[in-house]
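First to last, the protein sequences are chains A and B. The first sequence begins at 31 in my numbering and counts up one residue at a time. The second sequence begins at 31 in my numbering and counts up one residue at a time.
FYI, nobody ran anything at the bench for these hints, they're computed from the structure. Hints may contain errors.
No copy labels: a pair is met if it fits in one copy or bridges any two.
For lysine to aspartate or glutamate, the following DMTMM-like pairs were computed, each having C-alpha atoms within a straight-line distance of at most 25 Å [what the hints assert, rightly or not]: (1) K712 x D299; (2) K426 x E183; (3) K712 x D528; (4) K561 x D656; (5) K561 x D407; (6) K561 x D598; (7) K561 x D401; (8) K426 x D455; (9) K561 x E578; (10) K561 x E625; (11) K426 x D295; (12) K712 x D690.
Number of protein chains: 2
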Amino acid sequence: MNNLSALWSASSVAVIGATERPGALGRKPVDYLIRYGYQGRILPVNPRSSQILGLPAYPSVREAPGPVDLALIMVAADRVPAAVDDCVAAGVPVAIIASSGFAETGAEGAALQAEVVARARAGGLRLVGPNCIGAVGFRHRVLATFSPLFMAESVPFEPGGLAVVSQSGALGFGVASLALERGLRPGWVVSTGNDADVTAIEVLRALAEEPECTGLLAYLETVPDVTALRELAASGKPVALLKSGRSAAGSRAAASHTGALATDDRVLDGALRQYGITRADDVDDLLDIGRAFSGPHRPRGGRIAVVTTSGGSGILAADAIAEQGLTLAPLSEETRRELDGIVPAFGSADNPIDITATVLSDPTLLDRSLDAVARDDTVDLIIGAFCVMAGPDVDKAVTAFGRVADAYGKPVLVARTGADFLAPDAPARLRAAGLPEFPSPARAVRAAAALATAVSGAGAAVPAVPAPDGAVHAVPAADATEPALKRLLAGAGLPVPDGTSVTTASDAVAAVTARGGVAVLKAVVPGLLHKTEAGGVAVGVTADRAAEVFARLAALGGTVLVEAQAPDGVEMIVGVRSTPLGNVLTVGAGGIFAEALDDVACRLLPLRAGDAESMIAELRGARLLDGVRGRPAADTPALVRVLEALSALTADWPAGFELDLNPVRVLADGALVLDAAYTLTKGDRA
Amino acid sequence: MNNLSALWSASSVAVIGATERPGALGRKPVDYLIRYGYQGRILPVNPRSSQILGLPAYPSVREAPGPVDLALIMVAADRVPAAVDDCVAAGVPVAIIASSGFAETGAEGAALQAEVVARARAGGLRLVGPNCIGAVGFRHRVLATFSPLFMAESVPFEPGGLAVVSQSGALGFGVASLALERGLRPGWVVSTGNDADVTAIEVLRALAEEPECTGLLAYLETVPDVTALRELAASGKPVALLKSGRSAAGSRAAASHTGALATDDRVLDGALRQYGITRADDVDDLLDIGRAFSGPHRPRGGRIAVVTTSGGSGILAADAIAEQGLTLAPLSEETRRELDGIVPAFGSADNPIDITATVLSDPTLLDRSLDAVARDDTVDLIIGAFCVMAGPDVDKAVTAFGRVADAYGKPVLVARTGADFLAPDAPARLRAAGLPEFPSPARAVRAAAALATAVSGAGAAVPAVPAPDGAVHAVPAADATEPALKRLLAGAGLPVPDGTSVTTASDAVAAVTARGGVAVLKAVVPGLLHKTEAGGVAVGVTADRAAEVFARLAALGGTVLVEAQAPDGVEMIVGVRSTPLGNVLTVGAGGIFAEALDDVACRLLPLRAGDAESMIAELRGARLLDGVRGRPAADTPALVRVLEALSALTADWPAGFELDLNPVRVLADGALVLDAAYTLTKGDRA
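Please take these sequences and the hints and turn them into a complete structure.
Shown next, in the form of structure tokens:
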């Protein structure tokens, strides 16, 4: 698939719409390619010029000397179809359409965009854009862009392993400029605009295949397809996304900006967790994570040791570790004893380890503490935090941190809350030592969390949880009743109450008697969705009342289901529905409260090992399962089995349905699906 | 009170423990004061030197030529008491004890600290510290500190209106160094260490009185007293706090760092909301807010207009505005029409207003759009957001933003997501134009939220909500029963069910009959806390069953309360308890769920106008009051009245109690306190 690599390593670039006119956008790519020393062939295309900036120009790309690896189309929208035809005819494999005037302007532009994509696909040409700012491969100096980023006389760069991909050209190149300024050494920047043919995620996947790539950052406004996201995560390269449109207002603004359908943000969140992809909060967060991705070491997990010279920094780090769901490494007995002998009495030998400003008079203190901590198997990653330290002291600290990171192969992130003028060489020295640096403990912790998430992202490659019985299960009938659904669920290994359908009062009495003399009776009426509200459910029915209750329920127009009365427990809502991103499982605690308090977790199906546990852990209401106010703890593993069996059953159901298990009651021992409803919705993947 | 101003404007500074020895901490303040051109008298004190760095030295501060406005004590802890005595004898009004070895080291150090404070107080000397790094007044070049911040040959500063106060010296001076580097022009930096006598909040109050002060930033680990915080807010100067110890682990680390009791973080959050003080998330956030405080204009509220050249930036801004609880300004019909005529078709004339990169070819586009927006009364603050723009384009934008900010007196915050190398003059030009600048839309929005909060902070001066009946109410008896408590509550204007206590079965039957033939019966047994669990509550009791139920409840050993059966509604938990910060009112929705999901809001008493409404709005469970799943909306104003009447009743109750109203049921019309319990706890303000 990787003909997309022409975007960053083309040996020849045609600029269609090139011009010499000062200030014109069509001049910039030619100017940039020349000034920044691109070594391949630059092919300006303009029917009204024979020479542009000293290079021969061609009336059409058909007439440019081949092969042309990459074309950058910058002509007005109405002339794009002809330019695309020319590229096809010239055998160009990839073209970037920078021009605006397509789907982002409305229906007419969308039609033009569809037309252009159709012509390209028919001709075997891949298209990036339209409505984008182009692509850059720093290593080969492929500056196929008109971004003002390169307008300065000279932008110094040293290509590294970080890739930046953005649907918004302005934000993509803005982030890239900040990455350059902050020493993150981006290797690639690609803007994909309207994602009409090649999508941003496809570009990310192609970049992940580049051996030099160490991490990927992206700004996205829409994620129409998560399969590519899963494949991206499976590449093993760490990924972070800044996805806008989280709020309703932002989502409206995104829809108006891109013309694309809004992504269900909660579903996307769930998918990203499954795939070990971090969702960045903001531009700085994205860049901080990129900085961590650039470091040479990877943690095995999320257990952090903090070594600080400032008690305050230690506290801020501990707060951030809790907030990010990481763990303060517990430290072994041996390490604690060792630290007790090293750390001054007015410091703290407990994690966060405060070695105090005494380090200024005794520099070995830092070395000895770091060795003790790095050697400890309970420590996956170390954060070294200090504030105002002047040049020579910073240098000593950098040496100590760098040594221990390399000696133990564990990442060390440095939080330095002090101005660069205090230690002007510090940023370069930290970079040289492979130590990612952050201006506060919280930002270091947040980047550590992204590293830990990326490691967990091996999850993208974990196989799906198999069905308990290995069987393939049928889809329910469109009008499946509660007993039919429950039989289907039971067949797939989900626990349902012992029940039987009855059609006569005497059978009802017998069924209640057979269930210990007290049971639940439910009306089974196709199309009756709100049974409880309609008076269709009676609990605690004794044998002597069974006939009377049967008569009342049967009067609603159907049969009656008699079920064993379930013990007390914690009620959960569980559901599966099809979405444009795939079938999604949702779980929440506490019935009506889960909805009202918006406390639900989602994952795409199929669930993988660990997904069900992590969904439950994500719920604030998970505390209800632990037992509150003296109630016994509920059988959470039984709930996990319910979710996994449900995943195996429904993962492949075709689009256009909603299955609600509401409630699933989690008992002290086991769980029971007490109710089930199945609704057809309009297909959403068609 | 403001003899604390010596900390930043002393005309003479004694350095007790001064030395010439290179590298020694005691050399630094003398060195800094000389090198940075302090114009007052520098008085080194050292019994073993007659001259230090060219200045005459004195064996004791008693022998230094007076008056001495400020002493900086840097001798070892065991010699601090004598130094304090010397300061008292010399009539020094304020001393900073930089020395460590006090409460932060354990019981012995705490005793020494208490001894030192006692001596100072007896002698009329105010003490800052111990265990701090000193104080700086940039305007008068009072560098009474040994912070490495001034070790560099020269740190350029231009004193502005921002004050930085910190219990942690390292973080305080770290933040100050970043403030200097980022052009925020701090005017004051004070570290207060252990807060043994003068507290950080007292320093903040003193700084708020300085006419040049435009805003205050603080890092705190403990807030033992919120009265001073309220007085600080009432000063009208905007304040932001970075308070660490939010998590359990952070709180433990803070307790071990400062030896102080942990502040109840949730109570502090509530108090800060009441007082219009922003709680910063992190160091960058604190500095961003400081940047906004430094701007010349203040918003009237939280309605934001976003004007951007990048659709992506607009979406990110909209997301952040939603997250921060601000409002995208709706814009008037007139403004919308005007913008429709200005903004290109492929941009957005709706807020966020995307004027697109067309601004590069038509610079008047920005001016015209900004005028339309700034003129609109629905706009309190404008965020101008752009990404990569090169020098001259940035200059034009800065001019346009600055003009409109000054013309309309509305704050304009600039989000520029691009490297400084693209527009090297931009930071200075933005600063000169009074335009606070941020690297992303979200950070600008967050700072805008702090400005809006500070304006709402007039709330600190709003009078308390008065008791509905103007009366002063008694405290309950220690063993107050439910009927006694409910009489007390009813007397204070809280709605309780119509009830009566009965002692005979026939009275019970009569009471039920009088209440419409169905009522609630409750056992009233002093000391029986969990009535429901003990079988002491019967609902839906009809007259024919009343005698039987009465007998069962009376058998529990007390009387029986007969109450009118309450209509359906939304159940809330409401409580008041004394805390070290004062009496605190708590409200949550959904009974057991409020606790399990940790969905409660707190405020210090007395409530002020608007507090009750804002507490309810803060609850995720507030949705339950709006009516979910087709249930009718509940009478939220009635709940507000309950909270306000409860505030008036309990604000002055002495420490050592807990009052639980659980549940308060909010009906379609009105509300009812269904249960009440009062518990004495051990006094926590003694």
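Status of each hint after checking the structure:
Taking the shortest alpha-carbon separations for K712 and D299, only the intra-copy value of 24 Å comes in at or below 25 Å, while the best inter-copy value is 46 Å. For the identical chains of this complex, K426 and E183 are inter-copy neighbours only, at 20 Å across copies versus 37 Å inside a copy, given an alpha-carbon limit of 25 Å. Taking the closest pair of Cα atoms, K712 and D528 never come within 25 Å of each other, the shortest separation being 33 Å inside a single copy and 52 Å across copies. Within a single copy, K561 and D656 get their C-alpha atoms only as close as 30 Å, which misses the 25 Å cut-off; across copies the closest is 24 Å, which meets it.
With identical chains, the CA atoms of K561 and D407 are never at most 25 Å apart, being 56 Å at best within one copy and 51 Å at best between copies. Taking the closest pair of Cα atoms, K561 and D598 come within 25 Å of each other both inside a single copy (21 Å) and across two copies (20 Å). In the homo-oligomer, the alpha carbons of K561 and D401 never lie at most 25 Å apart, since the shortest distance is 65 Å inside one protomer and 58 Å across protomers. Proximity of K426 and D455 under a CA criterion of 25 Å is satisfied intra-copy only: 12 Å inside one chain copy versus 35 Å between copies.
Within a single copy, K561 and E578 get their C-alpha atoms as close as 18 Å, which meets the 25 Å cut-off; across copies the closest is 35 Å, which misses it. For the homomeric pair K561 and E625, the shortest alpha-carbon distance inside one copy (19 Å) is at most 25 Å, but the shortest distance between copies (30 Å) is not. Taking identical chains as interchangeable, the C-alpha atoms of K426 and D295 are never at most 25 Å apart, the minima being 46 Å within one chain and 37 Å between chains. In this homomeric assembly, K712 and D690 come within 25 Å of each other (Cα to Cα) only inside a single copy, at 16 Å, whereas the closest approach across copies is 49 Å.
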